[in-house]
Structure formats: structure tokens, C-alpha cells
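Peer 1: The listed protein sequences correspond, in order, to chains A and B.
Numbering-wise, the first sequence is residues 1 to 130 according to this note's numbering.
Numbering-wise, the second sequence is residues 1 to 65 according to this note's numbering.
These aren't lab readings, by the way, just hints derived from the structure by calculation.
Think of the CB as a built atom: it goes at the ideal place given N, C-alpha and C, for glycine as much as any other residue.
A few of these clues could be false.
Chain A side only, calculated, beta carbon under 8 Å to chain B, not exhaustive [said to hold, decoys possible]:
| # | residue |
| --- | --- |
| 1 | Ser2 |
| 2 | Val64 |
| 3 | Asp68 |
| 4 | Leu70 |
| 5 | Gly71 |
| 6 | Glu77 |
| 7 | Phe124 |
| 8 | Arg128 |
| 9 | Ala130 |
Label-pair restraints from in silico Cβ distances [claimed, not checked]:
| # | chain 1 | residue 1 | chain 2 | residue 2 | range |
| --- | --- | --- | --- | --- | --- |
| 10 | B | Ile56 | A | Ile5 | 50 to 60 Å |
| 11 | B | Asp63 | A | Trp11 | 36 to 46 Å |
| 12 | A | Met57 | B | Phe46 | 27 to 37 Å |
| 13 | B | Met1 | A | Met57 | 28 to 38 Å |
| 14 | B | Asp39 | A | Leu87 | 23 to 33 Å |
| 15 | A | Tyr93 | B | Glu11 | 34 to 44 Å |
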Amino acid sequence: MSNPIVRTHGWRTFGAGILLYALAVTAASFVVGRSDPGVGLRVALALAPAAAFLWGMSGWLRAVRAFDELGRRIHAEAATITLAVLLALAVTYGLLQAYVGLPAPHAFVVFGIGGTTYAFAAAFAQRRYA
Amino acid sequence: MRNHLRVLRAERGWSQAELAQRLGVSRQTVNAIETGRYDPSLPLAFALARAFERPIEQLFVPDEG
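Pulled out of the complex, with its shape left as it was, chain A reads as follows (with noise of 0.2 Å):
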């Protein structure tokens, strides 16, 4: 069933996971750029970043938990859409960057076009059910 308390919260947790994702990203380049730290602090910087995401996403998904249960649907189909897109942009980039050597995209490109293919699905989605 439906709780809008936990839905609520569990978008704050993916709203400021996703936020200290991008913080940790950027602090991280920033690091790396400016000095030359060991190997060792060079792969502590590169994982740290994914401790956010994961916390990030971990509210993503107490959020969609407590939709009832045509909600957790519609999102299950957001999410399989918006997978399924992804997979195919990254690996028609990839071969076109080996093929014709297309430059590579910053990395925030994906959450971009992540984000942006997930609303498109969910609103989509929820037409089915209208």
C-alpha cells in the first residue's frame, strides 16, 4: 500500500545522494587535477564518489517501494525503459568511438540523458494506465 511519508523521504535521501554524488565527483577531479597523488588515493577517490550514488539510489528505491502497487509498475517500466536506452546509446557510442573515433562524453552525460529518458518513461508509462 501507499505511504507518502516514506515516499517523500526516500526522494530527499535520492535527491541529496545524487547532489553529494556530483560533489564527490568534482572534489575528486579537482584533487587529481591540482596535485599527484599516490595510486592509492587515486582509486580511494575514484570509489568514494560511488558511495553516494549508492545511498542516493537506495532512496530511490525506498521511494518506489512505498508507491502502491500500479505505481511500482509504472516505475518498473520506467526503469526497464530507460535501462534498455542507456544500453543501447553506450554500446552504439562505444563502437562509433572505435569506429570513427568519436570523442568521449563526460561522464555526467549519462545521468543526463538517464534522467531525461526516465521522466519521458514514467510519463509514458502512466499513460498506459490513465
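On the provided structure of chain A, position chain B as indicated by the hints.
Peer 2: Quick look at chain B alone, frame taken from chain A:
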């Protein structure tokens, strides 16, 4: 799956929002079930049966074939 939810709800004078509140689901879910766009889970179907005080087979009718 067809159902008689709209008729039963109208008999009681409940809005979709009222029924949704009784069931703890969204109004969109009630609307999707009534229009046959979404078949509810067993727990939700039983919750509907309890809300209308009817056996579940009086609420839902399987499609022929």
C-alpha cells in the same frame, strides 16, 4: 478481466478518491482497475471484496476464452 467496481462504487455513493483512501492506493489505481487497464494483485482484490462486502467473484469476471 472485467469488473463491476464502478457500479458497486456508485451504489455506495463513493468517489474514486474515497475508495482509493479506504484501500490505501492512489485514485489512478482505482480508475485503472475500473477501466480494465490494470488487474489488481490478489491482496488488493481481496481488499476490494472486503470494502464492498462481496465475495471476490462478484467483483471480477474473467474474460471468455
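Peer 1: Indicate, hint by hint, whether the structure satisfies it.
Peer 2: Evaluation of the provided hints:
1. Ser2: Where the cut-off is 8 Å and the nearest Cβ of chain B is about 6 Å from A:Ser2, the hint holds.
2. Val64: violated, 14 Å
3. Asp68: holds, 4 Å
4. Leu70: holds, 4 Å
5. Gly71: Status holds, d = 6 Å.
6. Glu77: violated, 12 Å
7. Phe124: violated, 14 Å
8. Arg128: With a minimum Cβ separation of about 7 Å from chain B (threshold 8 Å), the hint on A:Arg128 holds.
9. Ala130: Status holds, d = 7 Å.
10. B:Ile56 to A:Ile5: 50 to 60 Å: violated, 30 Å
11. B:Asp63 to A:Trp11: 36 to 46 Å: holds, 38 Å
12. A:Met57 to B:Phe46: 27 to 37 Å: The hinted range 27 to 37 Å holds for A:Met57 and B:Phe46, with Cβ atoms some 33 Å apart.
13. B:Met1 to A:Met57: 28 to 38 Å: Roughly 35 Å apart at Cβ, these two residues keep to the hinted range, so it holds.
14. B:Asp39 to A:Leu87: 23 to 33 Å: holds, 30 Å
15. A:Tyr93 to B:Glu11: 34 to 44 Å: For B:Glu11 against A:Tyr93, whose Cβ atoms are near 57 Å apart, the range 34 to 44 Å is violated.
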